[in-house]
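With the sequences and hints as input, model every part of the structure.
There are 2 protein chains.
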Amino acid sequence: MNQKIKYLRSKLNAMNLQGMIITDPLNIQYLTGIKAEGTLLLTRKENIYITDSRYIEAANTAITIEDEIVIYDSRNVSKYDYENFFALCKNIGFEEGNVTYKKYKKLLEYYKVNLIETEDIIENLRIIKETDEIEKIKKACRIADNCFLHLQNYIKVGMTEKEIALEIEKYFRLNGADGLAFDSIVASGPNSSMPHAIPTDRKITEGDIITLDFGCKYKGYCSDMTRTIFVKYVPEEIKPVYDLVLENQNYILTELKDMANIKILSNLVENSFKLKGFMQAHALGHGVGMEVHENPIISLNNNQYLKENMVVTNEPGIYVTGKFGVRIEDTVLIHKNDCQALTVSQKDYVVVGK
Amino acid sequence: MNQKIKYLRSKLNAMNLQGMIITDPLNIQYLTGIKAEGTLLLTRKENIYITDSRYIEAANTAITIEDEIVIYDSRNVSKYDYENFFALCKNIGFEEGNVTYKKYKKLLEYYKVNLIETEDIIENLRIIKETDEIEKIKKACRIADNCFLHLQNYIKVGMTEKEIALEIEKYFRLNGADGLAFDSIVASGPNSSMPHAIPTDRKITEGDIITLDFGCKYKGYCSDMTRTIFVKYVPEEIKPVYDLVLENQNYILTELKDMANIKILSNLVENSFKLKGFMQAHALGHGVGMEVHENPIISLNNNQYLKENMVVTNEPGIYVTGKFGVRIEDTVLIHKNDCQALTVSQKDYVVVGK
Numbered sequence: 026m027n028q029k030i031k032y033l034r035s036k037l038n039a040m041n042l043q044g045m046i047i048t049d050p051l052n053i054q055y056l057t058g059i060k061a062e063g064t065l066l067l068t069r070k071e072n073i074y075i076t077d078s079r080y081i082e083a084a085n086t087a088i089t090i091e092d093e094i095v096i097y098d099s100r101n102v103s104k105y106d107y108e109n110f111f112a113l114c115k116n117i118g119f120e121e122g123n124v125t126y127k128k129y130k131k132l133l134e135y136y137k138v139n140l141i142e143t144e145d146i147i148e149n150l151r152i153i154k155e156t157d158e159i160e161k162i163k164k165a166c167r168i169a170d171n172c173f174l175h176l177q178n179y180i181k182v183g184m185t186e187k188e189i190a191l192e193i194e195k196y197f198r199l200n201g202a203d204g205l206a207f208d209s210i211v212a213s214g215p216n217s218s219m220p221h222a223i224p225t226d227r228k229i230t231e232g233d234i235i236t237l238d239f240g241c242k243y244k245g246y247c248s249d250m251t252r253t254i255f256v257k258y259v260p261e262e263i264k265p266v267y268d269l270v271l272e273n274q275n276y277i278l279t280e281l282k283d284m285a286n287i288k289i290l291s292n293l294v295e296n297s298f299k300l301k302g303f304m305q306a307h308a309l310g311h312g313v314g315m316e317v318h319e320n321p322i323i324s325l326n327n328n329q330y331l332k333e334n335m336v337v338t339n340e341p342g343i344y345v346t347g348k349f350g351v352r353i354e355d356t357v358l359i360h361k362n363d364c365q366a367l368t369v370s371q372k373d374y375v376v377v378g379k
Numbered sequence: 026m027n028q029k030i031k032y033l034r035s036k037l038n039a040m041n042l043q044g045m046i047i048t049d050p051l052n053i054q055y056l057t058g059i060k061a062e063g064t065l066l067l068t069r070k071e072n073i074y075i076t077d078s079r080y081i082e083a084a085n086t087a088i089t090i091e092d093e094i095v096i097y098d099s100r101n102v103s104k105y106d107y108e109n110f111f112a113l114c115k116n117i118g119f120e121e122g123n124v125t126y127k128k129y130k131k132l133l134e135y136y137k138v139n140l141i142e143t144e145d146i147i148e149n150l151r152i153i154k155e156t157d158e159i160e161k162i163k164k165a166c167r168i169a170d171n172c173f174l175h176l177q178n179y180i181k182v183g184m185t186e187k188e189i190a191l192e193i194e195k196y197f198r199l200n201g202a203d204g205l206a207f208d209s210i211v212a213s214g215p216n217s218s219m220p221h222a223i224p225t226d227r228k229i230t231e232g233d234i235i236t237l238d239f240g241c242k243y244k245g246y247c248s249d250m251t252r253t254i255f256v257k258y259v260p261e262e263i264k265p266v267y268d269l270v271l272e273n274q275n276y277i278l279t280e281l282k283d284m285a286n287i288k289i290l291s292n293l294v295e296n297s298f299k300l301k302g303f304m305q306a307h308a309l310g311h312g313v314g315m316e317v318h319e320n321p322i323i324s325l326n327n328n329q330y331l332k333e334n335m336v337v338t339n340e341p342g343i344y345v346t347g348k349f350g351v352r353i354e355d356t357v358l359i360h361k362n363d364c365q366a367l368t369v370s371q372k373d374y375v376v377v378g379k
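Heads up: the sequence lines are chains G and A, in that order. All letters in the first sequence, in the order written, are residues 26 to 379 by this note's numbering. All letters in the second sequence, in the order written, are residues 26 to 379 by this note's numbering.
If you're looking for bench data, these hints aren't it; they were derived computationally from the structure. One should not assume that every hint holds.
Same chains, same names: a pair is fine if it fits in one copy or spans any two.
In silico lysine-lysine, DSBU-like type, Cα no more than 30 Å apart, as pairs [unchecked claim]: (1) Lys115 - Lys127; (2) Lys299 - Lys264; (3) Lys288 - Lys163; (4) Lys127 - Lys288.
Here is the structure:
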């Protein structure tokens, strides 16, 4: 049996669960490599993947003998089979954050077992990345860095935010990525003051600041980076804010390591900004993996500790309503005694359109 | 109060429900025009929309006085308020197909009421399209048809599936659509034997068959169409399968109308394929609207009847494992005595790359 499923089974055992019904497609992909619509059952004896005829071929291609997964076509699974998958089992885990109430009732009806909440058991396994996962994230970060280099030549006065966003997507798709990890943010001039701006038809103008927040997926794993750049020149009023954000971003990079406390890290930035009359309007960061936002959240409300081989973002930002915003973000791999920024693009003033 | 909310309230009344908690963002958009993250409550006295500071402005802009909706900032809603929204109410409806089991438990804790399943009450209102909705779907279909014309000139031997998928997205974005209605399927050669193939780096080759399944969103409404085309020439072994699929697709178009039985329609195709030794591997179709897949499902398991002003797809398909697949799909508007295909692209052999 593959290591991930083996480890999950030991966790289930410790929770006194005799099996689990896994419905979240990313969790199934994490455990099996199968990218399809279906249900994974960890029964006492077997690992079973039930899907429909559309996905049988793809599922069979994805798994190896080592996975020890039996694939069923849902058309051949009878009412009787469903009741027997967990025969003599008392408590079976399910994903309460993925299963709708409607589906919950269906699961009860089909499997006739006690369904027990598993509190992000698989999401929490996914926090610590394995070597092959780290390699994929590194590759996704490299493609994003290369895309940023490309953008520095591409962006010209008169282009719209939408055109730049589309160029990012095109770059990713034609340079080895699966596609976007999330909808890119291209926020120019005053639009940059909204942390989650959607690209508009606004044209890039001399003297603009542009926030570029983007990332790609590579073999199912995400990168996430932000650079705030300048068009033609760096306006004097923005320099102190940019410098403050960058100083904090660099400082946090020296603090990110195994056993660093997430709450304290967040507080460091919060306080540094407050001293200058600004605030950190959003979380300082988040985990990155198969999803661009996953556990752990790096915020004041999280008193947990970082662990080796977590991958998280470091993204302080300051937003001056109606005027401009500055955010600088890297995807970072946590080591035992330090960390490694996986996105390595220039962070000093980048001026484009010259 | 707007007509949709008024009608929904009469339905709730008939179900002996004194109110409803609406969490599905598309259902909220359908009822109110608000496109944001929040919760809509239909209480005894009022319609209440609770959102956070990011969306207050957008929500206020979306609604009209006629909607009679009071907007609350979630920061100002206390535990006490939540308990009082449904004071003296016995049974309150919720969307069991949208709310996860985890959220269901939160709703119980917050609102302290009996939560009653509402069985797609709003989705079922959405099945019958109003005039302005039909106009938007028609426009989305026109853009998809134009995209298909564009692709016939664009596709060349040596291009990858991914490049073609990207061109579809680019075409939509630069020709008035909001964007993709769903991830396009561009499946060439043997890849076409998987109904839900994901675009790969496989290069288009002479003699290939290519399945193109794509659609866009226009002002929030979807189009969905599939054409299976040929590169340079039409292989003889594929012709009989193509002809069988097309014959069935055309025949179903003559049968789609108000009061047509969905199960019987599906059976017609199923039997026609079986007679030639093939099978229909997926549902014959589905509703199209704000979502690309919505009610009704057109399959053997659905014994309902079509109704005037439903919009559904008609998409028979045959898949020969490891070899090739053929699917032809239109988005169709149901009339009293017949139907209207809203996607009208050529269905006879389309040969590209000549």
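The hints, checked one at a time:
| no. | hint | in the structure |
| --- | --- | --- |
| 1 | Lys115 - Lys127 | both (22 Å within a copy, 21 Å between copies) |
| 2 | Lys299 - Lys264 | within (17 Å within a copy, 71 Å between copies) |
| 3 | Lys288 - Lys163 | within (26 Å within a copy, 50 Å between copies) |
| 4 | Lys127 - Lys288 | between (36 Å within a copy, 24 Å between copies) |
Of the hints listed earlier, there is not a single one the structure fails to meet.
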